[in-house]
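This is what each chain is made of:
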Amino acid sequence: MGTWTLIAPEGLLLAGALVALFADVLLPARERAGAWVGAGFAAIAAAVSVAAGGGTLFGGQFAIDGATQVARAATLVLTAVFLAWLAGAGLKRGRVREFAALVLFAALGSLLMAAARDWIVLLLALETATMPAYVLMGFDRGDDRSLEGALKYFLLSMVASLLFLYGASFVIGMSGSTLLAASRLQPGAIGVVAAAFVFAGLLAKLSAAPFQWWSPDAYAGAPSPAVAFVSSVPKIAGLFAFARVAAVLAPQTAAAGPLLVAAAVASMLVGNLAAYPQTDVRRLMAYSGVAHAGYLLVGLAAGTVAGAQAAVFYAIAYAVPSMGVMLVAAQYGETLDDLRGLATRRPWVAWATGLMLVSLVGVPPLAGFVGKLYLFTAAMRSGLVWLSVLAVLMSAVSAGFYLRVIRAMFFAAGGNAGPAARGSRVASAVVASCAIAVIVIGVASSPLMGALAFGR
Amino acid sequence: MGMSNLLSVVVFLPLLGAVISALVPKGSPGAAKWVAALTSGLGLALTVWLAAAFDRTASGMQFVTDVVWVQQAGIHYHLGLDGISIAMLGLSSLLGLIAVIASWKITDRAPTYFAMLLLLQVGMNGVFVALDFVLFYVFWELVLVPMFFLIGMWGGARREYASIKFFIYTLAGSVFMLVGMIALYLQTGTFDMVELARLGAGGTLGLGFQNWVFLAFFLGFAVKVPVFPLHTWLPDAHVEAPTAASVLLAGILLKMGTYGFIRVSLPMLPDAARVWAPWIAVLAVISIVYGAAVAFAQTDLKKLVAYSSVSHMGFVMLGIFSLTAAGLNGAIAVMFSHGVVTGMLFLIVGMVYERTHTRQIADISGLSSAMPVMGGLLAFASFASLGLPGLSGFVGEFLSLIGSWQSTVIPHWMTVIAAVGVLLAAAYTLWMVLRVVLGTPSDVVRGLPDASPRELTALAPLIALTLVVGLSWSSLLSFVDPAVKALVAALGGAA
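Protein sequence lines correspond, in order, to chains A and B. Going by the numbering used here, the first residue of the first sequence is number 1, and it counts up by one from there. Going by the numbering used here, the first residue of the second sequence is number 1, and it counts up by one from there.
Hints listed in this document are in silico derivations from the structure and should not be mistaken for laboratory results. No false leads were slipped in.
Listed below are several chain B residues computed to face chain A (Cβ distance under 7 Å; list not exhaustive):
#1 GLN72
#2 PHE167
#3 LEU186
Per the computed footprint, the stretches of chain B lying under chain A, defined by three or more beta-carbons under 8 Å from a beta-carbon of chain A, are:
#4 125-139
#5 144-155
#6 176-182
Here are a few chain A residues that face chain B, going by a calculated C-beta distance under 8 Å:
#7 VAL392
#8 LEU393
#9 SER395
#10 LEU403
#11 PHE410
Glycine included, each C-beta is placed from N, C-alpha and C at the ideal position.
Work out the full structure, taking the sequences as your base and the hints as a guide.
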């Protein structure tokens, strides 16, 4: 056994995906059995990933330290929770099995991405994580908007991958090794170009400005459950990989810092301001995702271990409520009109959603606040005071559009939606657990922060 | 159980009440108000117990609890009381209970309503006893959420606009406080407010650094007070808020801002405080005169009280930034008295509104002929508000003016203008009394029932406090004075 247990979670996800895919052969009457099977496998994989500890495999191409473990465990737990929701709520047009299998494949890619310590492995992981996402976004194959969104996502994602690969090829050429740790940028323009291409590719994957324009259209066309997963869970590993790459490249080229700062500023401004006029929760959460990518970049721009830790913490603190809110939208309606008066129809769901939205604003003592406290402390320690001021101001601005959702749910009576969509107990439990997690991560951030130890 | 644990109980007891209230089954919505009344009542009783055990001769923190909360970030769960804190905690516990009694007739989504009212109490109590800066910030922001829902769900016609404006305005202010807080932490390596005050007095922080951190804190606190020109959220929020929320908004939330100046800005950044004091005094004087002038023009009774708050809080700011013992004692006395008196005014306005469904001064004239008790109480509260000697309002404004006259940082002419503000307050208040209480009875008020026993119960403790503090200043100031003296000494005898 030995070090092979390190990669056991990936194996479990692969097995789970295959079982889910063929679940109808095994359990023909149970359409949602695939999701349950997937949730079970993901949960076991989460336990295994924690128990397996740290170490390296494949000559250092695959390595797990404390921080990687946190990122992987968080990805797996959220995947399991998402699949449990899927099993409870189902999909409007069926085909739950395929959906569950695709989610597991995407999670598999995310796991690899977190552990990848090699440019080529990273690229492969990135693709493994993204390709199932194209299909998820276009899952309503009869719906033109879904297909349009998926196509936009596919094209941009491909371009992003190629940018990344192009940049990585320079880096590999200059350093004579494909290992991340061995990367050596030569001084001068070539180093800047290499770093810029790599960052551009990763920024696009993170839906950060100026590569954000695909996400609102893609999200608005896609089925909400797909958005709930794609917009949140893979971002943890994506951010984590970004942090790894930035930690290697940023010290070697002076251009990296300003590049990250510029992207952070643009993302925060575009995301928070463009979210205002949105009435579709999917579009709103798409811009919210852009804005939060901006906050994450503030942590990376700090260029310190503390900054990277804060960013990973924040990625988790973002992913949980973001997924929770989209799951509510998936169940109770995607427009603000649909959510109108939800507080009278489903009070507990509305309160859980309100709590998650308030955490996204950054109100203490919830997860979002603690994450921002870590982020801005790290940024200010690196002298990025004005960037932190902009970031906190934008947090205040963001209250405006998150509160609009709360206003629709609580302050308006009636609404055009009829009686509440039949609530699934499991789905409600998932939403509630997301809300509770937001409180727990905020009030007891110590263990999570303590586990976020960066090795090599 | 030690007394320091008791302090934690006082802070978090309403949280337990809020959870129980929210879980009250749909079949018995009336149970929620009893839960709220019992927890608030118990909280007040425990606060009184704390006050009885409090050593009034000491200037330091008492009943201290200090345990590590977040190891990595150096955040502690650190609570404690000095004389200033306990005065504010007492006010907060009292008004918390009164707000519950004033809401007795609420039936619309009652469990949620009372849960929000109790959650609000957690934040209010916590702010006044937190001694770790992050903890302070947590309580500070915690207040926003329940108040947002109270205004937005149970408010008047423009409640949605008012609630969001309130939330964003105050959040925008407090995020600057967050930046200042982090900057202080990076400079000193601690979030401990007692330690930060000690470092501040020791002169370890450079003036340039102090200046910009001071500015950041100023934005956070001044929005809450509110200081002109950051006051525009206040009339909207007050007018739309339900009565109990108005009482707590004026009675406690505004005081959080001035408490912040006293607990944070002055002790931690004394040099910057001296630099900025004259400028803030200018804003204070403008607030006093502007608030009074605008109050004159109001035709809505609730708006009149709201603008008068801007004016009264100007006296608090003037007293604080006189940087003298008299001024600070006066500022805290105004904070306390304004909480009591304005609470009373908002309660009465709410009671009148429940009967008449209008707050227009012209519509409710001649109140005393139909409701002699209610009219008399409105007159009483108004006299207390304008600072009649013998009632609580006088003590603080008098001391604030003395302090600002003694002050070496505030020019005398500002004190003179502020004193004119006292006359203006007398004028607009008396004019209001003349129209509302006396005046010819309007059709609206004729034949309406007078104050009920429940309403009198809500008002009685406030009336009593107005008299007690007004007749015996030391009943309040004996708590406050040692802490104020210590603060002024730490400021380097700027007086």
